[in-house]
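Chains as they are written, first to last, in this note's numbering: chain Y, 1 to 344; chain H, 1 to 489.
Don't read these hints as lab results, they were simulated from the structure. Honestly, I wouldn't trust all of these hints.
Going by beta-carbon spacing under 10 Å, a handful of chain Y positions derived as facing chain H [said to hold, decoys possible]:
(1) Leu-10
(2) Pro-16
(3) Val-243
(4) Pro-245
(5) Gly-259
(6) Phe-309
(7) Thr-312
Covered stretches of chain H (in silico footprint by chain Y; criterion: 3 or more residues with CB under 8 Å from a CB of chain Y, positions within the stretch not fixed) [unchecked claim]:
(8) 3-14
(9) 275-286
(10) 450-463
From chain Y, some residues computed to sit far from chain H (all C-beta separations above 10 Å) [what the hints assert, rightly or not]:
(11) Thr-53
(12) His-66
(13) His-77
(14) Tyr-118
(15) Ser-174
(16) Ser-184
(17) Ala-287
(18) His-304
(19) Ala-310
(20) Ala-333
For each residue, glycine too, the CB sits at the ideal point set by N, CA and C.
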Amino acid sequence: MGEGDTPRGLRRFVAPVLGAVLAVVLMEVVVRDVYTVRTTWDPEIGVLYDPGTPVRWRREGNGTSHWDARGVRANAHAVTASAGTIVVRGDSFTEALMVDDGEAFPSLVQDALQAAAYDVAVLNIGRSTDSAADHVAHASRTRRVFAPRWVVVQLREEDFTAEAWDDTSARFVSGSDGSLTVASAPLTPSVVREAFGPLERRSMLVAYGLLRVAEMEQASRDQPPLFRAADGPPPPPPKDERVYPITQELDAILKAYEGRVTLVWLTDREPNGAERAFDAFCARTGASCVSARRVFDALREQGHSPYGFANTVPESGHINKHGHRAVSDALAAELLRLRTNGLL
Amino acid sequence: MVFSSPRFLIFLYAVLVLFGVWRSGNLRARKTVLAIASSLFYAAWDWRYLGLLLAISVIDQLCAVRIHATQDPKARKAWLAASVVSNLGILGYFKYCGFFLDNLNGLLHFADIHVTPWEVLLPAGISFYTFKSLSYTIDVYRREIEPCRSQIDYTTFVTFFPELIAGPIVRASVFLPQLDRPIGPTRERVISGVSLFLLGLTSKVLIADNLAPAVNAVFKEPALFSGAQLWLATLGYGLQIYGDFAGYSAMAIGTARMIGYDLPKNFDIPYAATNITDFWRRWHITLSTWLRDYLYIPLGGNRQGRARTYLNLFLTMLLGGLWHGASWNFVLWGALHGGALAAHKAMREVAGDRFRVPAAIAWPLTFVFVNLCWIPFRAKDFATTALFFERMFTLEHGLFWIPSALVWGGALVFVAHVIALWLSGRIPGGPSPAVLRRIGLEHVPNAIAGWSVKLHPGTAVGAFLGTLWVLVLFYFARVGGSPFIYFQF
Numbered sequence: 001m002g003e004g005d006t007p008r009g010l011r012r013f014v015a016p017v018l019g020a021v022l023a024v025v026l027m028e029v030v031v032r033d034v035y036t037v038r039t040t041w042d043p044e045i046g047v048l049y050d051p052g053t054p055v056r057w058r059r060e061g062n063g064t065s066h067w068d069a070r071g072v073r074a075n076a077h078a079v080t081a082s083a084g085t086i087v088v089r090g091d092s093f094t095e096a097l098m099v100d101d102g103e104a105f106p107s108l109v110q111d112a113l114q115a116a117a118y119d120v121a122v123l124n125i126g127r128s129t130d131s132a133a134d135h136v137a138h139a140s141r142t143r144r145v146f147a148p149r150w151v152v153v154q155l156r157e158e159d160f161t162a163e164a165w166d167d168t169s170a171r172f173v174s175g176s177d178g179s180l181t182v183a184s185a186p187l188t189p190s191v192v193r194e195a196f197g198p199l200e201r202r203s204m205l206v207a208y209g210l211l212r213v214a215e216m217e218q219a220s221r222d223q224p225p226l227f228r229a230a231d232g233p234p235p236p237p238p239k240d241e242r243v244y245p246i247t248q249e250l251d252a253i254l255k256a257y258e259g260r261v262t263l264v265w266l267t268d269r270e271p272n273g274a275e276r277a278f279d280a281f282c283a284r285t286g287a288s289c290v291s292a293r294r295v296f297d298a299l300r301e302q303g304h305s306p307y308g309f310a311n312t313v314p315e316s317g318h319i320n321k322h323g324h325r326a327v328s329d330a331l332a333a334e335l336l337r338l339r340t341n342g343l344l
Numbered sequence: 001m002v003f004s005s006p007r008f009l010i011f012l013y014a015v016l017v018l019f020g021v022w023r024s025g026n027l028r029a030r031k032t033v034l035a036i037a038s039s040l041f042y043a044a045w046d047w048r049y050l051g052l053l054l055a056i057s058v059i060d061q062l063c064a065v066r067i068h069a070t071q072d073p074k075a076r077k078a079w080l081a082a083s084v085v086s087n088l089g090i091l092g093y094f095k096y097c098g099f100f101l102d103n104l105n106g107l108l109h110f111a112d113i114h115v116t117p118w119e120v121l122l123p124a125g126i127s128f129y130t131f132k133s134l135s136y137t138i139d140v141y142r143r144e145i146e147p148c149r150s151q152i153d154y155t156t157f158v159t160f161f162p163e164l165i166a167g168p169i170v171r172a173s174v175f176l177p178q179l180d181r182p183i184g185p186t187r188e189r190v191i192s193g194v195s196l197f198l199l200g201l202t203s204k205v206l207i208a209d210n211l212a213p214a215v216n217a218v219f220k221e222p223a224l225f226s227g228a229q230l231w232l233a234t235l236g237y238g239l240q241i242y243g244d245f246a247g248y249s250a251m252a253i254g255t256a257r258m259i260g261y262d263l264p265k266n267f268d269i270p271y272a273a274t275n276i277t278d279f280w281r282r283w284h285i286t287l288s289t290w291l292r293d294y295l296y297i298p299l300g301g302n303r304q305g306r307a308r309t310y311l312n313l314f315l316t317m318l319l320g321g322l323w324h325g326a327s328w329n330f331v332l333w334g335a336l337h338g339g340a341l342a343a344h345k346a347m348r349e350v351a352g353d354r355f356r357v358p359a360a361i362a363w364p365l366t367f368v369f370v371n372l373c374w375i376p377f378r379a380k381d382f383a384t385t386a387l388f389f390e391r392m393f394t395l396e397h398g399l400f401w402i403p404s405a406l407v408w409g410g411a412l413v414f415v416a417h418v419i420a421l422w423l424s425g426r427i428p429g430g431p432s433p434a435v436l437r438r439i440g441l442e443h444v445p446n447a448i449a450g451w452s453v454k455l456h457p458g459t460a461v462g463a464f465l466g467t468l469w470v471l472v473l474f475y476f477a478r479v480g481g482s483p484f485i486y487f488q489f
């Protein structure tokens, strides 16, 4: 190689590397717009969203959310809360990363109560994957940290079935006498979190990349080894045949909050056994209950599905802003009824 | 092994490494290994039908050799008939048996007779490889080509994995001469093949797979949705099937190119067509030319008067529709296209150049017609098709939402069409090689596959585009998407 060749050779190497690096930087910016999830670890309840940064989750819906250090989601408007607080517990449907802060039903309920001259703060502490067992297990923390006047617990069928009984988090345990207790699993950060934690917090390309790899791994496991063109898609896995004591689970929630609770049931398109059990439980016990059946069906009549987003499919996934508005209307009406009756 | 799955990428990598390392030596041995690799690829779907595939290659090679060996016209015809009957018999049994029995039961219902249909599993790619193999014996019969010198060559052709499952339907006259050149990847071929493969993968996993859930939801329960929503879903399916099938074809051509072979192009900017005849010159080109050469022309083509020409066109597309699947919906789809082709031909012949529809009107008319025809193609039955048309044209109320995948997919397909028209020089002022190089691309002319472009990873812009492309696929492709639509045919 001659002397004059060295810079040219270097340029030939440097130019493509620079191009590739620029592409990676650009992609980091693009990915952050779609997915920005930074988390911290709370030894008592596990993963919390970083209070310093907005959470962007635009894989389903187009939402941006903000969280405080206690795991409370920001509402659209700050209030003085002279009349105290109402805490809303629930799973990812309450957490509602898919919609903006002001569109989630707890924030809308607070607006509605404020409009009715009831100066109460509605705190959204919904957490993805929380089940009926978690609602019972975390009752004492909820009371200790937030000292609520009232608690709202959002529920769906899945909150009472496998998720409430598996041993990865808090779970129900049936006693020999048929009684129900809650056992808590020890909380430990995942191996991936330990290994990639610092990098994951700095680069969303890494954080989202890890999520994508996990999804791809799952998808490749789901693919049958002998896919046959004539067979169509693989059949869905068999439904859990186990019969869950939904009424007892509901009763456990009621007891955990000493009856000062409103149960909100998010209904599927077609009524199912769990929904019927919920309706029967509410009728029998006279508990404060809100079923989304009527408001969701009314929405459908108007041409809106309560579930699904522009980047997903109607009637699947989480509730959209129409669904949140409908739930908020029904819940606010129930809370105002309780207040009128002097219960709240 | 679906082309867009990690399993296929590992398989392809292994094949490329094998033939990249094993460059010299016995060509026959390497062809044998390629045939074995292709057979393994097919067996990954369902090993039980590998025997069927190999049997077809043996039967047709035998028939072709016999046709070539004799000058007796009767014997030649008899051997050709043996090939036609065996191919169509196999296709008929596996693909149309259930359909035939269902319809027979419908007819015999009044007589209280019922024939219990037996379950027949459709072998993947059977419509493609029977047509490919059939054209070989017909070409030998027509003395257009000579038969292969060896069974290995012919088996390599029939089983060639890049186009085995869903085309392009490559002719023996195009492929067999390539078998005499060395197998194996070269740097140029790999870069050009990877560029095409990435283009196809993008089309499949970024456009088609992201559109699929929205389209599937509407076609599954159309009664839930508004008329406007059904229009959107129809348009969505038009984009989905294009992204899916054109994507598959590009991946097949790219894969073959990496290994060292060229396959014919299958799509040529089809949604830019300004009439239905033009559309069929651009859409699934290898099938439309197959139907022209082996069905339309033997039926008499345009040599027996106008009325017969129109009938031949109609019949060709009717059977083309049935080729896609054993269902009256496909027959309806074929009939709609056949009727439109015949009507367009009649219009041109009667009116000549006096009546020319301006492109600004002709293009949207063609686009809307082609998309409306996708409804019977996609719908599960006649009732769903009828419901679609009824709700679409009465603009019924129901759920309505605009899927963002449709907005993105539509924009991407539109931009891709414009770029392709520009690159191909069909928009005035097409790019010079210098301009292309400045944007990190290079033109790749190819006598068989037509033109394409490849990335120039050695330049800053080429590396930027290539890296960005791969990252976009990794982060935004739909994971666990549906299999390729044409696999079911």
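Holds or violated: is there a CB of chain H closer than 10 Å to the CB of Gly-259/Y? Violated - the Cβ of Gly-259/Y stays beyond 10 Å from chain H, reaching only about 39 Å at its closest.
Let's test the interface hint: is any C-beta of chain H closer than 10 Å to that of Thr-312/Y? holds, 7 Å
Would the non-interface assignment of Ser-174/Y survive a Cβ cutoff of 10 Å against chain H? Its Cβ never comes within 10 Å of chain H, the nearest being 36 Å, so this holds.
Are all C-beta atoms of chain H more than 10 Å from that of Ala-287/Y? holds, 33 Å
Under 8 Å between beta-carbons, do enough residues of the segment 3-14 of chain H, three at least, approach chain Y for the coverage claim to hold? holds (count 3)
Thr-53/Y: least C-beta distance to chain H exceeds 10 Å? holds, 20 Å
Does His-77/Y really sit off the interface, with its C-beta more than 10 Å from all C-beta atoms of chain H? Fine: 29 Å to the nearest Cβ keeps His-77/Y off the interface.
Would the non-interface assignment of His-66/Y survive a Cβ cutoff of 10 Å against chain H? holds, 24 Å
Within 8 Å of chain Y (C-beta), three or more residues of the segment 275-286 of chain H: violated (count 0)
Whether chain Y covers the segment 450-463 of chain H (at least 3 residues having a Cβ closer than 8 Å to its Cβ atoms): holds (count 7)
Would the stated hint for Leu-10/Y survive a check requiring a Cβ distance to chain H of less than 10 Å? Since the shortest Cβ distance to chain H is 13 Å, the answer is violated.
Let's test the interface hint: is any C-beta of chain H closer than 10 Å to that of Pro-16/Y? Holds, because the Cβ-Cβ distance from Pro-16/Y to chain H comes to roughly 4 Å (cut-off 10 Å).
Of the numbered hints given earlier, the model fails hints 1, 3, 4, 5, 9, 18, 19; all others are met.
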